[in-house]
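All chains, please: the whole structure from these sequences, using the hints.
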Amino acid sequence: MLDKRLLERLFRQNYSGMIRLARTILGDDGEAEDVVQDVFVRVMETGTSEPTPAYLYASVRYGCINLIRQKRLHEQVHELMPVDVEFDMQPVEQQTDRLDRIAAFVDEWLKEPHRSIFHLRFDLDLTVSEIAKRLEMNPNTTYKYLMQCIQQIRQFFMNADVKH
Amino acid sequence: MNNSEDNIRKLLEMLDNPDAYSEQEIRDIMDRDEETRETYRMMVDIKRTSRRKTDDRPVDVDAAWKRFEKAHYSTRRHSVLMKIAAGFVGFLFVSGLSFAAVTMVRHYNERHESEQVSATEAVKGSSESEMETMTDLAPVTFSNAPLEQILSDMSEFYGVTVEYGNSDARTLRFYYEWNRQSDIEEVIDDLNRFAKLNITKNNNKLIVE
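Just so you know, the sequences run in chain order E and L. For the first sequence, the residue numbers in the numbering used here are 203 to 366. For the second sequence, the residue numbers in the numbering used here are 3 to 211.
The reader is advised that the hints may include incorrect statements.
[Stated by the list, open to error] Computed list of chain E residues with no C-beta within reach of chain L, every gap over 12 angstroms:
| # | residue |
| --- | --- |
| 1 | Leu-209 |
| 2 | Ser-218 |
| 3 | Arg-225 |
| 4 | Pro-315 |
| 5 | Leu-337 |
| 6 | Asn-361 |
[What the hints assert, rightly or not] Derived DSBU-like pairs: lysine-lysine, alpha-carbon spacing no greater than 35 angstroms straight-line:
| # | chain 1 | residue 1 | chain 2 | residue 2 |
| --- | --- | --- | --- | --- |
| 7 | E | Lys-313 | L | Lys-12 |
| 8 | L | Lys-72 | E | Lys-346 |
| 9 | E | Lys-206 | L | Lys-72 |
| 10 | E | Lys-313 | L | Lys-207 |
| 11 | E | Lys-206 | L | Lys-207 |
| 12 | E | Lys-346 | L | Lys-68 |
| 13 | L | Lys-207 | E | Lys-273 |
| 14 | L | Lys-55 | L | Lys-68 |
| 15 | L | Lys-72 | E | Lys-335 |
| 16 | E | Lys-313 | L | Lys-68 |
Treat the hints as calculated values from the structure; they're not laboratory data. Beta carbons are placed, not taken as given, at the ideal position from N, Cα and C, and that holds for glycine.
Here's what the structure looks like:
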């Protein structure tokens, strides 16, 4: 059993980052809190030495993956969650860096109308027909623009991987 | 529209309304080709980016710690209070007895105290060995480790041998958090959730297909 004062210190130092990671993966505050609290319960019960932040973050992600695996396929795809277990293989830090690079690419390179379609689809979770209606656009054209957004980001990463 | 674009279009249509599709239809759409799978993976990352970017609410760590403390420490405090209460009831009971009984209790206590000293030493010894056991059973995290290494560590721990029906499997890499308090069957079940793995146990041998 880990000493309570040590556990509290670990909790206060790492909780913010851990809960943000869980929210990013799960998109649900309640589930995210359950996962992070479970990590600290395990540390409390089995920990005999102070775990590293890397271990805590990896445990959060592992807890999130386990939770996602228990969901129905329909829910997984509706929430845009990974459906294959090989998805989360990169170290947490690298993965977070990748998300920051996607955000930077969108801010810098995505032009209208792609930018608005992207924002409505991924930030506001609108369907393509809802987006088409809001932007007074043909649904087929909206699909085409949405595909182009995703392809542009994929292309950016493929080019970056080639350079590395 | 070429085939690949058509598949991605079908993916986007399905994602707008997955409830209109059966599980098999969803899998068929997602597994149609590598482009479609990669597009979905990219969408997962994009959605995470969106959640990360829009999650600008401050985190109340203090409130979270209090919730944790209440959920996981209050039961322990409760049991300590119960013990104190039980001791107090015991004290009231003893105080109602005669002087002779008190004397007997005192004699008993003197004897009991000496027993307690040796009992405390025994408890100390057992808690030290418990601590050693807990250290031995601390979870192990394999991060991007080859299967060969993971199973080699496990075979040593559980006292089994490993046979590879498919030699390519040795170099597959996985992220896995091994809870060493689990028995080997639970661990195999867990590992078999990875799509590329099929491990069976035959007596004291693990067979990797």
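Structure-inconsistent hints, enumerated in ascending order:
1, 2, 3, 8, 10, 11, 12, 15 and 16
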